[in-house]
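Enquirer: Residue strings, one per chain:
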Amino acid sequence: MFAYLVRRLLLMLVTLFGISVVIFVLLRIVPGNIVDILFAAAGYVDPADKANLEKELGIDQPLIVQYWHWISGFLRGDLGYSYVSEKPALQEILPRIPITARLAGLALLFSASIGIPLGVISAVKQGTRLDYALRVVSLSGLSLPSFWLGLLILTASVAMFGQMPIFNPNPQTWLEAFATYAVPAAAVGFRSAALTLRITRSSMLEVLRQDYIRTARAKGASDAAVNYHHALKNAILPVITVIGIEAAFLIGGLIVTETVFNIPGVARFLVEAIRWRDYPIVQNLVMFIAVVVVVANFTVDMLYAVFDPRIRYTD
Amino acid sequence: MADKSDLVLDVRNLKTVFFTNSGLFKAVDDLSFTVKRGETLAIVGESGCGKSVTALSLMRLVPDPPGRIVGGSVSLEGTDLLALDETEMRAVRGNRISMIFQEPMTSLNPVMRIGDQIVEAVRLHRDVSAKEAQNIAVEMLRLVRIPEPARRTREYPHQLSGGMRQRAMIAMALACRPALLIADEPTTALDVTIQAQILALILDLQKELGTGLVLITHDLGVVAQTAQRVIVMYAGRKVEEASVEALFASPKHPYTRGLMASIPAVPAPGIAAPARLNEIPGTVPSLVRLPRGCAFAPRCKLAIKRCEAEYPPLEDCGGGHLAACWRAEEVAEVA
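Residue numbers (the UniProt record's numbering), protein chains in the order written: chain D, 1 to 315; chain S, 1 to 335.
Misleading hints may appear alongside valid ones.
FRET-style restraints, in silico, Cβ to Cβ [to be verified]:
id, chain 1, residue 1, chain 2, residue 2, range
1, D, A248, S, D204, 56 to 64 Å
2, S, G23, D, D223, 25 to 33 Å
3, D, R135, S, N135, 42 to 50 Å
4, S, S47, D, R129, 34 to 42 Å
5, D, D223, S, T283, 32 to 40 Å
6, S, K131, D, P145, 50 to 58 Å
7, D, S222, S, R12, 27 to 35 Å
8, D, R129, S, E155, 39 to 47 Å
9, D, Y304, S, V288, 40 to 48 Å
10, S, H158, D, F178, 42 to 50 Å
Computed footprint of chain S on chain D, listed as stretches where at least three residues anywhere in the stretch have a Cβ under 8 Å from a Cβ of chain S [said to hold, decoys possible]:
id, region
11, 199-213
12, 230-239
13, 302-312
Honestly, the hints are just simulated from the structure, not real lab data.
Since the structure is predicted, the reported quantities are computational estimates derived from the model, not experimental observations.
Beta carbons are placed, not taken as given, at the ideal position from N, Cα and C, and that holds for glycine.
Generate the whole structure from the sequences, applying the supplied hints.
Expert: Written as structure tokens, this is what we have:
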């Protein structure tokens, strides 16, 4: 087990190194840098000024040197300065993380707490009207892009209440907090909930046919005990996998949702930073997201062993 | 007939049907039998003859849809199980009537510890603390002769061999000391040496606990070793019923005779084994389109016109030996 963990951690480091190279190279392949953009906006370009500015930002140096500067700083915890705001990148990124984390956490909670029970119900009631209704809802969840759903929610709230939820960094009432986070989280989590429902349903259907379910019934266990205690425990593994993958996909969904709902989280900030070729922000933020995703994957693998005693990580 | 109070199980005219796309089929048709306290009744027949559906009907675990019990009564210690509502039935299942299944490899929940699965069975029906239930679980594992029972309760099914798992299943089924135990092909999935051990174990425990046993099997060898009485089923119906001695001494139904003839005999020393195994020609008829008369007639060497036209009633051929054959009297002479 210990050797396995060490190997896994080493593998995670290799993965993160690979990601850092990809981010770095991709950013440099995108045409133009912040200096080009600034000077293009100004209209007049003095090549000497431009060279000075590039030198000041360090983007005139060879790529390998730039990479070394970034990655060695990253490891020391020095993320450099934002090109746009000229504030330390860490200061720019850190306050935005809790906002996005809350949104993502709520969205995942939403998808699991809605998707799993409804998936179980759908499987248990297979072939009934309820099952068909749930399947249509889940199909719609998979088909509606989250930004469009977000816009629909905003339009609907204007039409119905004459106002729309505006992001409030310091919600005073419970309702304000709910509108601030829950509505966007639901908009982005609907897709995950739909996917979770479908996976739970199919996994449950598979498990409910197993002999040990019949054994549980033969013991005199109630339907609820059979479905949730015996069946779901066996059916949960694929669901965990999907939620783990969804956690990574969620970042993509959040970029548009934060934009639609005008929420100052990291996801929208990342898009802004890419537009300005704000290398320190983009590189570090994407690395941060990569770490989250890699850790999420690792957690999922560890959870397998928790839920299924047949899985033991040995060498 | 035995004294009424001695009866654990009294099944009358049980009828279980399945509604399928190709039509309605009668998996169990008009089946009646009884089991006395401490008695072993074997139900034999080919695959698809309705043995397992009979067992599930007794437990009221026939999957619905597509299956449904449409008639008859199943009286367990005087209570008609078919008249109970689902909650009352749950209190009976695993408590007064238990079942062991064919596949020990898949019949235990893979993500639950063996002990917890037995504890669950106990606590569903007995008002005992978790600790006491745990003790009962260890005690049950010891009873089914699993070595180091306390340690085994903490193990998962995949850590046990097939024979061990079937022992654990038996422990679970008997944890509440049921009046009736149904064993649906309990040894079919096990290898031969383990088979004998498991059968001996079931019989010992049955004797010890005074449980009535319904043993479902297709193996006449098992029947001869274990049962007092035998029911032979064919196409959902009982075609013969007798004590084991009477059945093996003189089977009255051509189907039973065919089953016995199909047991490969070990040839005596110096005599070559027959080149071909004996078999019953043809296959079990589709239960959707059963012939009007005797379902076995199309495969029967003795069939006469009447067999195809009318279903033969179960008749007593003497000493409680029942057979449903128009030519029961002649079977012994002809074969």
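Enquirer: Run every hint past the structure and note whether it holds.
Expert: How the hints compare with the structure:
1. A248/D - D204/S: 56 to 64 Å: Given a distance of about 57 Å, which is inside 56 to 64 Å, the answer is holds.
2. G23/S - D223/D: 25 to 33 Å: Because 30 Å falls inside the window, the suggested range holds.
3. R135/D - N135/S: 42 to 50 Å: Given range 42 to 50 Å: holds, Cβ gap about 47 Å.
4. S47/S - R129/D: 34 to 42 Å: holds (36 Å)
5. D223/D - T283/S: 32 to 40 Å: holds (38 Å)
6. K131/S - P145/D: 50 to 58 Å: holds (55 Å)
7. S222/D - R12/S: 27 to 35 Å: holds (29 Å)
8. R129/D - E155/S: 39 to 47 Å: holds (44 Å)
9. Y304/D - V288/S: 40 to 48 Å: Between Y304/D and V288/S, where Cβ atoms are some 45 Å apart, the hint holds.
10. H158/S - F178/D: 42 to 50 Å: holds (46 Å)
11. 199-213: It holds: at least three residues are needed, and the region 199-213 of chain D offers 3 whose Cβ sits within less than 8 Å of chain S.
12. 230-239: holds (count 3)
13. 302-312: holds (count 4)
When each numbered hint is compared with the structure, no violation occurs for any of them.
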